[in-house]
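Got two chains here, each in a separate frame; can you build the complex from them with the hints?
Just so you know, the sequences run in chain order A and B.
Mapped onto the working numbering, the consecutive letters of the first sequence carry residue numbers 1 to 624.
Mapped onto the working numbering, the consecutive letters of the second sequence carry residue numbers 1 to 270.
For the record, the hints were derived by calculation from the structure and aren't laboratory data.
Where hints are given, some of them may not hold.
Unchecked claim - BS3-like, lysine-lysine: derived pairs with alpha carbons at most 25 Å apart:
hint: 1; chain 1: B; residue 1: K192; chain 2: A; residue 2: K601
hint: 2; chain 1: B; residue 1: K87; chain 2: B; residue 2: K135
hint: 3; chain 1: A; residue 1: K601; chain 2: B; residue 2: K254
hint: 4; chain 1: A; residue 1: K594; chain 2: A; residue 2: K567
hint: 5; chain 1: A; residue 1: K567; chain 2: B; residue 2: K266
hint: 6; chain 1: A; residue 1: K157; chain 2: A; residue 2: K167
hint: 7; chain 1: B; residue 1: K196; chain 2: A; residue 2: K601
hint: 8; chain 1: A; residue 1: K205; chain 2: A; residue 2: K167
hint: 9; chain 1: A; residue 1: K567; chain 2: B; residue 2: K102
hint: 10; chain 1: A; residue 1: K598; chain 2: A; residue 2: K587
hint: 11; chain 1: B; residue 1: K266; chain 2: A; residue 2: K570
hint: 12; chain 1: A; residue 1: K594; chain 2: B; residue 2: K212
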Amino acid sequence: MKKATILVLSFVLVFLVSIGIVSAQVSPQAAGQALCKPVEFGILGSGVACSISNACGFNKCEGIYTPCESAASAKCITCMNGCSAPGSPPGCVAGCVADFQGMHEACMGSAIAAQNTLLSSGSFLANIVPCNEMNSCIKDPKRGLLTSETMESGMLKCPELDMDARKKVVEELKKRNSEFRRIFENSIQLDDPEWQKVLLEEMTKGYDFVDTNRLAQFIQSCKSGECGVNSKALSKALTAQDSKILAAKEVRDAMAFAEVKLPWWKQALVTGNVLNQNLVFRWGTRIAGVASTGYGIYNKLFAGEEEDEEEAPFNRNTQQLAQNDWNSAQSAAQNPQVAGDSVWTSCPGHRDGRCAGQAFCVTDEMGASQCISALPGGGDVTVAFSSIYIIDNIQKNLFTLKGPQNDGVVYHDDGFVNIDKGGTTKISVAGIGALITDFIMNRLFLGRGTTTYLGNGNADAGTYLTNTFILDYSSSVGVDAVNPTEQNRFKESTQIANFKQDNELAFTVNQLSLKPYKNAVDIGNLQGQYQILTRGFSNIVLAEKDKIFPLMTRNFAKGDALIVKNKGVKIPNTYLVNDGNYQYTIKTIGDSTKVLAKNGKVIQDSGPLGSQLSRRQAILVYNV
Amino acid sequence: MEKRGRCLQIASSRSAQIAVFFFIGLIILVSLIILSTSYKEDTSKLDVGIEAVQIDDANLRSFVQFCVDTVAKDAVFYLGFVGGNLKNEVFPQFFFVDSFYKIPYYYYEGNSLILTEDGFKNLVLAKYMNDNIRKCTNNFRAFRNARIVDANAKTNVEMSDDEVIFNVRYPVSINRLFSSRNLEPNYIAVVKVRLKELIQIAQNIVQNEVRKDRHIHWDFMTDVSSRNYNITAYTEHDNTIIYRIIDLENEMDKEPYIFQFANKIKLKRA
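With the rest of the complex left out, here is chain B (with noise of 0.2 Å):
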């Protein structure tokens, strides 16, 4: 009986070693299929050449950031000029200048169809920004000798009285050799408009339309105009009127800012 147990204490021990010997060469099998990779991409990149300065977290923000900024000011422009130009239209009619160049309509036959200033900022700005910086950053093609990977952004936009503010997180994340290293994700675009009050003159207009769609309010235009603003009422046909404020404050990459929106008079059918 004490025998029969000491032969099986031994057999135990022979299984454990071979296990222990087994793992350990396993081991050394992946690291040596890693360090024979890494080896190679970094003589590629000796190879091309590409990168005189090594990718550091700042250019690479840099770059996210020149992204946020462009897609900010682009955001802002759209939503002036033609109310949006995101893939699911926000705004369900638009008065065609023609098949690409279409203005929002923001009053519609009794109805207003403007959204609120949260409305503006979530639907449209936010969401054109967290649906355009990827387009921007383009899978970061640019740094190809690193391996870059980002998440999908998610905006949030403030206006003052005259800066239209996207907060912009966007996760990116850089992996080198054996390190990965996640980029600040928070970036913050300011646009210098003053697109807050122009929503709310728009909002005034239509509010008014609802009320009585046949008055154009000359006197709140001109007060309007008296804050350093152009707008004026044009005549359109399908008894559309476009008002196209112009905000001369500021100006868009040397351009005048300009929010523009299309109100549908209810009229007797001829």
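This is chain A alone, in the form it adopts within the complex (with noise of 0.2 Å):
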């Protein structure tokens, strides 16, 4: 059955050739017709890459490859057409088609050197290559490297273009120079979803943005689209960009815009790049002689010769906190392994002219925030976060932020470090001492130690929390606190029983009443006169130019015979002191400071007793 059904078949084939060849010597017009027909380009033949019709170059084989054909099938035709007259050779038509077949393989041999052109130029213009052939394109083994021309030609903006084809392209330029990728970094759609996803994972494996203007845009644009379910992925590729592209202006914008969070390391890497476009200004130089007028004070009570032998050890133990803080902070700043991010924002309602409004501050998660621009270049200050660290390399001091309402310090010409009314903000001075001021623009000097200001936001907003030195500029009032060996050393009075029983001092400016702290002391500013009331344990100075009035509380207010080594201090404002039990005047009367009691008894005088002698004394005295 097989054998029948495979010779008929056969018979007619033979039947329908023959057929055909008497056909063509019968009639030439009609066999040029048949015969020289082009060969369609989709028939061409697997392996031939013109032949698929979303190959890359396509287009460009088609558009050698169809004229081409035609005109070998024209002269085919004609060829023909001159075999049908008479004393045409024989085996004219024989020869025609032989011509036709040179010429077809040789328009198809020109349509794949196009193609193969193309292909190695990588030169996809989009006048030339078609949306549909880029995928082809981009992925074919044999493309060439991408020109910037058919970058700006508009090909990246093909919709077609698929997920392989894009990262492809990204993927290539992680290896181009800055200028490509600049180009090409202008040529995509930035609001294009499918952009979106290839840029955030190529972020992710190492491409670095290059337009700062372009990457805010993506920020931007991501955020409003893919980013907005994804905002993970943002931070993810945000954090693997260089710091100097996350360090411009516009990219913080961006990141603040999109509320972007980034791990403390990287931010304290940003927050460096925007550091050192900051100006630099150093404390030592440039407040030498206000400082110095704190530190002197500190530096006579407390560790010069004249510091309490019992106090030293004190002293000592919180200095040493302070110095570690300060190399806690420096090894996080340089220990990835401490998580935390933060986020930059736009500081509003920053109190400094520099930030408000401008991407400018980093905020943690706990809301605290800095304003970068606030602070010294140069690398006088490093940020790290956790907490936000502001690390003062110069001064060896620490600045540490929390809460929600802490918008971090500014730095000032003139030294002082600005602290924010809200949050807290520990200051940690390992260093000779920090100068401080707040929002009520109280100028405080600080000693080596540990200070804590509780602002808005804490149940004794306007308190310092101190273990150090606190000296008031303006009162010249100064304030430190006092061992617990020393509180130990007296009973303590029961009317301190209900306060919080913490060893440090609050301290506090013009409250003109006590926080309820078992240790505390304000300075007053009344008419003319400066109060300070006082409970628990404390050791305060008034301050002169070159010497001190010093005192203490150790329960009640008391003098302090280290003025000694102040004979003849003469301070310039009256103090009234208070210690809950007692009050006491203090004021220069003549060539000495004298404290009177209540009574209007002089109690203390810093001057000497005198030796005029009456009449009666001088004969006993002197036998005269």
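Structure below.
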């Protein structure tokens, strides 16, 4: 049965061919039309790139092949028509067909060569390569490097570009110079979700944006698009970006808009770059005069020759704790193991003109914020995160910012660092001191040790909790915390049992009342004189230009025998000292400072007894 | 044998008579000498006429009492003002205002040098009285027409809240003609001053200094000042603070009583 079928089909085929040959012999025109018909592009056969309509260069191929083949076909037909003329040589038809076949091969070769040239050039200009071929172009193994002209021609805007092609473009661009990448970044549609996905992925894998404006646009577009549902991806991608890029203002603006969280270590690098753009000013040279007053007093009292021997270990301990804080912050700044994210914000409502409305603020997860523009550059200051740490490398001070209302510190040209009214700011002084202003512009010197400012959002807002020395420049009053041993020396008054039992001193200015801590001091500016309210334990000094009038509180206000090193001190202001039980007036009368009890009697005099005697005394003493 | 015995009796009786006459003659001679001497003294006294009134015990006691009172006041003054003024100082350290005017240290770099109340009474006040009463009586030269003999005084000092009481035993005898009379030896001098409390105040301050010499206890001083004292801590050189306390309730020779002492603070050396 099978053999019969094959035999029949073979017969039919031979028959049909025979008829054709006969017909040709019979009519050359008819044979020319049949034999010179152009070979259609699509049936050139597998293995020929031009054969697939979406293949890269198909359009180019076709553009070359089709006219060429048409011309060959026309030439073949003309040749065939000549064969029907009388006297045409035998084999004329066969010759025409052979010529046509040669021209066809040539046309096909030209087209394929053009396609290969295109692929190897990488110049897939939009007017040459239609969008439907672009995926093939980009992914073809023979493809050469992308050209700038290609990218600028708009091919990267092809909506048909698939993910693999896009990734391949970006992969390739990682190896290209920044100018190439800039062209790329300006050639793609950043609001294209597909590009957004690819960029998020490739940025994570190492693609660094070059054009900060385009990166900013990408962040904003992405926030409205792909990143709106995948904000972590944006943070991850940006974390992988070069810190210098992220430090650009427009990028920070965008990150603030998109609320991008960066891990603390990355934020530290970014802020470091922002800081490097800031002005440099050096505490040691600019404010030496101001600082010397506070430091001189501090040193005279607690670090110099008159240091109380019992206080010395405590002072050393508090100083060491501050040094430890500073060291920890330094190592944290260099140790990427600690978690903690922060975001850039536009410093809404910031008190410093350089910051308000500008994306100079970094805000941690707890809400504390720091305007980087308000810090000195030149490596003087480092910013680290987990809490926000402002590490002053010159002064060896550390500011630790916490709390949702803390807008961080602002360095001023006069050397004072302004701390914010909100949250808490812990100031660890490992150097010789820190100059601080607060939101009501109190100007303070902080000695070596740790002082925490409790701002808005805390129960005791406006309080400095300190284990060291604070000098208030306006009142010329300095206070110092007292060590626990000294506190234990005295039986604590039952009056302080209900207060907070921190050993630190709660220092306030102009509150005109004491915070509920067992050790507290408030300095109030009354009309023409200052009021010092005290409770518990503290050391206090009233500063003159070169000398001090020392006093202290040991449940009750007391004088300090250190006065012997400040004989004759004449303080410029009048002070009322009230310890809750006794009140004293301290003021200069004549050539010395006197302490008057409430009954008006002088109980202490910074001056000497005097050697003038009555007549009777003189007779008895001198025997005259 | 009997004859020889009678001769011996006669000889013995004669020797006894000679001895009796010699003794009587000696008595007469001595009496004449004594009488002759006393006659001369009486004569000179009358001649000079120094004593219009006859020296009696009352005058002499008044004189001695005056001295006791004076020395007592001086003793209290010196104790308060310069820590005593004794030939051998009780206190080992002084703050020198000048070479004469010096104030005792009751506290000196960690050590208490202050005396107890008994120390002040016995070593300063009583001793001053004992050492100086005879300087005041000056060998009774004001009483040249009598022979007055004294002995060392012995003093016991007591303190009440507002007085210092000197109980002085000072034996004095007056010799006239053939009579010698001892005056009543016990004298009492009372100085109105609150020295007992002043010493307690000073002791309190010094005790606190020993505990911690950086503190000047304004609260304590205020309390003291409210008891009608002035109390002030003055600042001196050489790490010294001088406390001066003035008793405003009592005057001594129309001047308020002053009690002052020095404290030397222990500070690190430069």
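Consistency of the hints with the structure:
1. B:K192 with A:K601: Distance ~23 Å between K192 (chain B) and K601 (chain A) Cα, so the pair holds.
2. B:K87 with B:K135: holds, 13 Å
3. A:K601 with B:K254: holds, 21 Å
4. A:K594 with A:K567: holds, 12 Å
5. A:K567 with B:K266: holds, 16 Å
6. A:K157 with A:K167: holds, 14 Å
7. B:K196 with A:K601: holds, 22 Å
8. A:K205 with A:K167: holds, 11 Å
9. A:K567 with B:K102: Roughly 20 Å separates the two Cα atoms, so the pair holds.
10. A:K598 with A:K587: At roughly 13 Å apart (the allowed maximum being 25 Å), K587 (chain A) and K598 (chain A) satisfy the hint.
11. B:K266 with A:K570: Satisfied, since the Cα-Cα distance of roughly 24 Å is no more than 25 Å.
12. A:K594 with B:K212: Status holds; Cα separation ~23 Å.
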